[in-house]
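Peer 1: Guided by the hints, dock chain X onto chain H, whose structure is given.
So you can see what is in the structure, the chains are spelled out below.
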Amino acid sequence: MRLLVLMAAVAMLATQSVEAARPNPEKLPPTHIRDLHYGDVLFYVYTDDDFEAITRLNAYEHWNLLPHHEPEAQLLLGGLYLSLGLHNEAGARFEKLLTPDIPIGVRNRAWFYLAQVWYARGYLERAEHAIREVQGTLTPALDAEKEHLLANILLRQGRFDDAIQLLRGWNGPADWMAYARFNLGVALIRAGRLSEADPVLSAVGTLTSNKEELLALKDRANLALGFAYVQADKPQQALPVLGRVRLKGPYSNKALLGTGWADAALGDYRRALTPWLELRDRNLLDSAVQESYLAVPYAFGKLAANAQAAQYYESALESFDAEDGRLDLAITRIRDGKMLDAILDKEQGKHYGWFWQLQSLPEAPESRYLYAVLAGHDFQEGLKNYRDLVYLGHTLEHWSGSMEALGDMIDTRGRAYAERLPRADALLASGAADELQRRREELAGRLNSVAAEVDVAALGSPEEREQWGQIQRIEGLLASAPPGKETDEYRERLRLVKGVLYYHLDEAFRARVWQQRRAIKDLDLALVEAQNRWVRVQHARKSVPANTGEFSARIAALQVRIEALQARLVSTQQRQNGYLAGLAVAQLQEQKERLAAYRVQARFELASMYDRAQDTEQTHKANDAPAAAPAPATEPKP
Amino acid sequence: MLHVAHPRRFLAPRAVALRLVALALGMLILAPSMSARAQSAAVPPAIAAPAGSAAPGAAAPKTSAASPAPQAAPASAPAPAGTAVSAGGAPESATDTRGLDQDIQGLKKDVVDLNRDLFVLEEELLFPANTQVAVFISMDVGDFFLLDAVTLKIDQKEVANYLYTPREVEALAKGGVQRLYLGNLKAGQHELVAFFSGQGPHERDYRRGATLKFEKGIGAKYLELKINDRQRRQQPEFEIKDWE
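Top line first, the protein sequences correspond to chains H and X.
First residue of the first sequence: 2, per the working numbering; consecutive thereafter.
First residue of the second sequence: 49, per the working numbering; consecutive thereafter.
Treat the hints with care, since some could be wrong.
[Said to hold, decoys possible] Pairs of lysine to any residue, SDA-like flavour, derived with a Cα cap of 20 Å: (1) K234(X) x A417(H); (2) K222(X) x A177(X); (3) K289(X) x D253(X); (4) K157(X) x V561(H); (5) K157(X) x E53(H); (6) K157(X) x A93(H); (7) K157(X) x V545(H); (8) K234(X) x V545(H); (9) K157(X) x A445(H); (10) K222(X) x E73(H); (11) K201(X) x E239(X); (12) K157(X) x K543(H); (13) K234(X) x L98(H); (14) K147(H) x D162(H); (15) K543(H) x T179(X); (16) K157(X) x S401(H); (17) K157(X) x L98(H); (18) K522(H) x A445(H); (19) K157(X) x G394(H); (20) K157(X) x R94(H); (21) K264(X) x Q574(H); (22) K274(X) x F243(X); (23) K157(X) x S320(H); (24) K289(X) x L66(H); (25) K157(X) x Q560(H); (26) K157(X) x Q574(H); (27) K264(X) x A192(H); (28) K339(H) x Y372(H); (29) K289(X) x H250(X); (30) K157(X) x E90(H); (31) K289(X) x R35(H).
Everything labelled a hint here was simulated from the structure, so no lab data went into it.
The following block holds chain H by itself, in its conformation from the complex:
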C-alpha cells in the first residue's frame, strides 16, 4: 500500500535526522493498515461510495474489528457524516474528537470544513463558532480562506462594521485580496459609507487580469459601485464606473440598464436609448431586459417621439403577455410535483451526498426558468436533501425485500432443524462418543500389555498368528504322544519351525508396537475431532432454537423500523418537495408580479399618450375655434 510506503519513507527520514522524528503538528501519522476491515472501509471511501463506507464502518465498529484504527475511524466517521449532509452529527462528533491530543493542523482543518458546511446551510452562528475554533498559525491559503469565510459570515449576519474591521486589517495572497477588497467595498456600501467604498471597489474594478474569475469580479465591483452612485443620485460618477463592465459578461445587462438610467437622470434620453435598445435584443428572462422594454418607450416619450413610444409600449405588452403565459404554464407543471423527479432523472452516478452539484436540466418548458431558480442557495441545498431522501427511500425498499428473504431463510432453517432433530437426539442419546473413547482406552491397554509382556505373536499378521496357533496346537498334541523316535523327530522339526516364526515375529515386534502406538495417536486425533463435532452438535441442539428465535425477533423488529422510517420518509419527502416547489413557484411568481407591474405601467403610459394625443387634437380644433381653452400637459409616468 502506498500508505505503507509513506510510512517507510517517514521512518527512513526519522533515522536520518532528529528533526524528522519529531511529530508533525500539522498531520496525523500516515495510515498503516493494521485491520483489514479498516482498509475495506477506505476502499469504499476511495470509490466514492460514502453510504456503503459509513455502513461498514459502523458495522465493523459494532463487531470490534477496528481495534488498531479507533481514532482515525472516529474522525473518518465524522467526515462521512459531513459528506452525507449530517452536519449536526458531524459537528457533535468533532466537538468530542477534536481534543488537544489531535494535531492542531488536523483540528483546524476539521473546524474549518465544518464551518464551511454550516455556512452553506445557513447556520451562521454555528459557522462562526466553528471558525473561531481555528487557532494558531495557518498556511497562507488556509488563513485566507478562513478570513474570507468569517467575513462572509459577518456580512450575512448584517454585522457590517465587524466585517469592515476584519477586512481592513487583513493582508493575504493577491487573488484572495481582490475578493477581500470587494467584500470590504460591499460592506462599506451596506454601512452607508459610499465615499470610503469608492477607492476600494475602484481598485478591484480596475485590476489587470486574464482570469475569467477575476474579470467577473471586476465587473461585479464596477456594477456595485455604479449602482450605488445611481441610487445616491450621482449619475455623473456612475457613468464611467458602469462603463468599465464588459459588454459580453454575465453582468452586462444590468450595467447597460444602469448606464441608461444614469444618462436619463442627466436628462440625456437620446444617449440613454443606446444601451436600452441594445438590451431589448437580449433574453427576456433577465429582469434588466424586461425593464428595458419599458425604458425605451419612456425615453422616446421624453424625446416627444410619441408614435415610436406607443409602438414600443404595444410591443412590450405583447412580449409581457406571452412571457406571462409561459410562466403560468411553468408554475402549473411545477405544482404538479413532477419537477424534482424530472430534474433528478437526468442525473447519473452517485445519488446522494452533500458534495454534489446538478449537472444538467430536463428538456421541459419550465427549464428555462429553473436556471435562475437553481442558482438560489436555498434551492440547491434543499435539492440535495430531497435527492438524499429519494436515495434513502430506494435503500429502504431494497432492505424491505431482503427482510422477506431473510425471514424465509429463518423459517427454512427452522423446518430443517425440526426434521433433523429426531436423528440428532437419537445420536446424542446413544452416547456414541463415550463408547468410542472407552474402546480406545481398551485398545491402548491391550497394546500396553502386549508390549510389556513382549507378546510378539499378538502383533503378527493374520497368517503368522494362524501359523503360531497351529504350532501351539501341534505342541499340545505332541505333548500327549507316546515317546519314540518318530515323535522326537516331529518335536525337533516343530521346534525349528517355531524358532524361525518366533525369530520373524520378534524381529518385527518393535516396529509393530510403534505402528500400533501411531495408529492409536491417529485414532486420538480422529476422536478429538469427533468429540469437537459432538460438542458442536450438542451446542447447536441447544442454541439453534434460541438463535432462530433471536433472528426472527430481530427481523421482526427491523421490519417495524423499516416501515416506520418509510412512512416518515414519504411524509418528509412530500414536505421537501412542497418546500422546493414553493421556492421555485415563489421565484416565478415574483417574475409574474414584476411583469404585471410593468404591464400596468405600459398600459397606463399608452393610455396617457392616447389621452394626450386626443387632447392635442382637441386643442388644435379648439384653436380653430377661439372660445376653447388649452388642456394642461401631463408628465408621463412610466
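Peer 2: Chain X only, in chain H's frame:
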C-alpha cells in the same frame, strides 16, 4: 441587498470532500486546482455557483432589477424565499425550513443506523463467525501491474470472479483493501487459489496465480491477497497472507 462574493474555488464541493478524506487520513490539503476543475465541470454557470456565492447580478444592489430611477420601480417587492406557498398547499416558513432540515438530518441518521443493524443482521445470519471466511485484496503501488480481474477458487471450486473498474484499481492503489469474497467453510484444511489477470511490465498481458493451504478453525478466517511491486526484479509479486 448587496451580496457577498466568493472566489470560485471557495466551497468547491468535491475539493472539500477530498480534503475531508485527506484530513481523516492525515494527508495534506489538496491544491486549489482540484476545486477549479470541480467548478468547470458544471454545465450552467449559475448552477455551478458554489453554495452561498452570488448568482450573476447579485453583486449589484437588488434594486437594480427595479431600476434606480423611481419612475420605473415595480409596484410590488419580491417575496422573500421560504415564505412562498408550497405546491402542496401549506406554506413552509423560514423557521419550518430549518425544522425541516433538522427533521431530514434526524431521518438520515436513523436510516444510517438502521442500515448498520441490517448489515450486521445479514452477515451474522448468512456468515456466522464460526464458519466465516473472508478474502481481501490489497495493492502496493501497482507500477508493474495493472489489475484487470481476479478469480478465486477454494478447494478447486470457483467462488469469485471480479472485474475491476479503473476507479476501483485507483482505490486499491491509494490504500483501500477490498473484501473480495465472504463465504462459509467448515473447520479443517482448505486450499485457496487466486488468479490475477491484467497488464504487466511493458504493457503485456499478465496472468499469475498464488496458492495457500490453510486451516479453518472455530473462529472467522481472514486471508489477504497482496499485490506488491518487486523493485529489484521490476516485476509484480503476488502472495496470500493468512491473518491469524
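Peer 1: The structure should be examined with respect to each hint, and the outcome stated for every one.
Peer 2: Verification of the supplied hints:
| no. | hint | result |
| --- | --- | --- |
| 1 | K234(X) x A417(H) | 19 Å, holds |
| 2 | K222(X) x A177(X) | 29 Å, violated |
| 3 | K289(X) x D253(X) | 25 Å, violated |
| 4 | K157(X) x V561(H) | 17 Å, holds |
| 5 | K157(X) x E53(H) | 14 Å, holds |
| 6 | K157(X) x A93(H) | 13 Å, holds |
| 7 | K157(X) x V545(H) | 33 Å, violated |
| 8 | K234(X) x V545(H) | 17 Å, holds |
| 9 | K157(X) x A445(H) | 65 Å, violated |
| 10 | K222(X) x E73(H) | 16 Å, holds |
| 11 | K201(X) x E239(X) | 8 Å, holds |
| 12 | K157(X) x K543(H) | 37 Å, violated |
| 13 | K234(X) x L98(H) | 42 Å, violated |
| 14 | K147(H) x D162(H) | 18 Å, holds |
| 15 | K543(H) x T179(X) | 18 Å, holds |
| 16 | K157(X) x S401(H) | 18 Å, holds |
| 17 | K157(X) x L98(H) | 19 Å, holds |
| 18 | K522(H) x A445(H) | 10 Å, holds |
| 19 | K157(X) x G394(H) | 13 Å, holds |
| 20 | K157(X) x R94(H) | 13 Å, holds |
| 21 | K264(X) x Q574(H) | 48 Å, violated |
| 22 | K274(X) x F243(X) | 12 Å, holds |
| 23 | K157(X) x S320(H) | 50 Å, violated |
| 24 | K289(X) x L66(H) | 18 Å, holds |
| 25 | K157(X) x Q560(H) | 17 Å, holds |
| 26 | K157(X) x Q574(H) | 15 Å, holds |
| 27 | K264(X) x A192(H) | 75 Å, violated |
| 28 | K339(H) x Y372(H) | 17 Å, holds |
| 29 | K289(X) x H250(X) | 28 Å, violated |
| 30 | K157(X) x E90(H) | 8 Å, holds |
| 31 | K289(X) x R35(H) | 13 Å, holds |
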